[in-house]
Amino acid sequence: MQASTRLGADPNPLVARRRGIRSPLRLLRRGSIPYIFLAPFVTLFSFFFLIPLGYAFRLSLYQERMIGGTVFVGSGNYQQLLHDSDFWDGVQRVVLYGLVVIPLGLGLALLFALFIDSGTVPFAGLFRLGFFLPYAIPGVVAALLWGYLYGPAFGPFAQAATQFNLPQPQFLSDSGMLPSIGNISIWLYTGSNMIIFFAALQSIPADLYEAATMDGANGRRIAWHIKVPLIAPALAMMGILSIIGTLQIFTEPQILAQLAPDVIGTHYTPNLYAYNLAATGQQFNYVAAVSFGLGAVIIVCSSLFLGIVNRIRMD
Amino acid sequence: MSVMARFYRTTRTTGVAGVVAAAVMLAPSGAMHGNAVPSKAPVTITMWGWSPHTEDLTKLFEQTHPGIKVNYVNTGGGTGKEYTKLQVALKAGKGLPEAVMLEHYVLPQFAASGSLVDLSQYGAKSIAKDFVPAVWSQMIQGSKIYGTPLDYAPMAFAYRKDLFDQYHLKVPTTWAEYAQTAAALHKADPKMVLGNSPLDEGNFLGMLWQAKDQAFHVNGTTVSINVADGTAQKVLSFWANLVQQHLVSTFPAFTPSWNSSFNSVASWITPSWGLVFPQPAAAKSSGKWRLAPLPTWTKGVPSSAMWGGSAYSVMAKSAHPKEAAEYVIWMNDSPKAAALQQKLSGAFPVLKSFSTPKVLGTPSPFFGGQAINELYYKAAASVDPHWQWNPFMIYTNQEVQADVIAAEKGKTGVSAALSKLQNDLVSYAKNQGFTVK
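Here the protein sequences line up with chains A and B, keeping their order. My numbering applies: residue 1 is where the first sequence begins, and numbers increase by one. My numbering applies: residue 316 is where the second sequence begins, and numbers increase by one.
Please keep in mind that the hints were generated in silico from the structure rather than gathered at the bench. You may find that some hints are simply not true.
[Said to hold, decoys possible] A few chain B residues that face chain A, going by a derived Cβ cut-off under 7 Å, partial list only:
1) Thr-399
2) Ala-717
3) Ile-720
Since the structure is predicted, the reported quantities are computational estimates derived from the model, not experimental observations. By construction, the Cβ of each residue, glycine as well, lies at the ideal position given by its N, Cα and C atoms.
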């Protein structure tokens, strides 16, 4: 027997070359391999996530004044946030907006994915590309584009209405603004959601369809009872991402504010509020508090959604 | 010591020795020749602004001031975000210009934070008499002078003479008459309105100024805020009534729909720079407009206010405050500069010496040959010189717009909106460390 049987010796011949003596350096190197693999991620995570988050939190505990410099106020900014009607106004608006736009958008995406997957649509590839193309357009460009289309003076809809003596469309009015923004959002993102659902549908084994057809199910029943439940994880994931994205909506109100500044004030959405506080108010400390406030709202909404999803899965 | 440190030490010493040697060599040569050519390198200052023709005026300055070179950067204006770049540079503490163009209403804000140089130490006191009180009062806080006026913008009332004649309308001299005229016009032609609400154009505070309401008072770090009193409610209710009866339009200023609205209004409350916008947009009605004094709250008592106007200031962290002060004083006070400015733009002159009948009497084709600058000059005399802006106008303007427009559209009550504005401004002032009286 070559391997030493002395107490504490590592029987692995590759490690304990020298009989009976453990090399601390080698053990250290072997034990540290996981950390070496983790290091790039942890470094990037720290520098681009943890450290800025920590700095923002520290910022939110102070107040920089025009007279008197920087002052520690502890929870002062957060107390101000709790009573800030502008912030809660914006939160209410995006939550109500999300309750309408997210189901609508995801529902449309699901519908399109099911249609294209059903095999009954000619030129399915063309439709897939067509629905996806708006996603390739940057958000700012899309908002500018639609802003022009909505325009009350030069927009084509307004001009057509004048031509045919119809009442002017009120896209950028108080009541029309949220649906207009919703339209831009749905136009932009339905395509990419559809592609994700379509990919999920591809992973369903085809023999399930054969079995269902043999049992007498038509296309619609297959879709509702087989396809949709099997891509439920994809639906849930896109649901969460949509909630997080929608509650942070910024680009569309920011661009449209230039066309209708009286409708979109400074606090139309919480993110826009934070931006204006920073850009014109220079209140960076309060902005940090507002950002954490918005983050808290998003966590609450996402948790609620996940809770509902889990309840449905239990049933 | 490491190799690198040793390297830097030697280069630094050589560098210093080099400069000393150069100075020793150059200085006597200047003294020996004893001529007027400066022997030191020209001082370069940076100027941030957006006024048209600044490049031409700056070139003239450089020709007449050989020791100073000016690097002019056009930072763009009219977007409302002109000062973001400056505020960011101030916060960073670097990248600041020596001289900067600031509108009248932000001078107190930058002065309060100690970012501007008091020009009285560079001889600015002597130029006070060259300007009318209305505009000079905007440059000063007590005995400190924070800028030299580039221009000023008294307001007047522009109206379509042809429409007024067509519908037998009287030119209003009071706001009550304005309301009556608005109703009469809308009855005669439902597609036309008398004007665009100045509140939507961001001019609510200007209207308070015209009503001789002292909304703000600043004294060092003490401010008093008074935007919810009877006069403010009167002004806001007046415009809210007109808007809700659809007698005036509500286009926000500087938007495409506002530009095209000049063809569907019969009048406009216009500042002296006002021609820039309606002239291209309302080209079809050029020649049919006339100018009259602003309607007032008390019959027979003329009153105007100013909308806009800019100044040139020197930043406190400037490396060359003396040269920068020389620049800002020359650009706005020198007769040579004013003459060139008149030649290039024919704008409403800021110097009293240039406000001669000959210059002011230039007929304006858009206004059917009327000498509009004479009227603006007379209006300037009725501008209340006691009006002050508060030291956080950028924030204030934003809040005013939000609250006032909501009341104008009827979404909130007039006194509720003004109370909210008052509370918001007071708490902001307190948060910023000001004492609020």
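Legend entry - Supplied contact hint for B/Ala-717, tested at 7 Å Cβ to chain A: Result: holds, 4 Å to nearest chain A Cβ.
Legend entry - Residue hint B/Ile-720, partner chain A, criterion CB-CB below 7 Å: The hint holds - B/Ile-720 has a Cβ within 7 Å of chain A, the shortest such distance being about 5 Å.
Legend entry - chain A contact restraint for B/Thr-399 - C-beta distance below 7 Å: Nearest chain A Cβ about 5 Å off; hint holds.
When each numbered hint is compared with the structure, no violation occurs for any of them.
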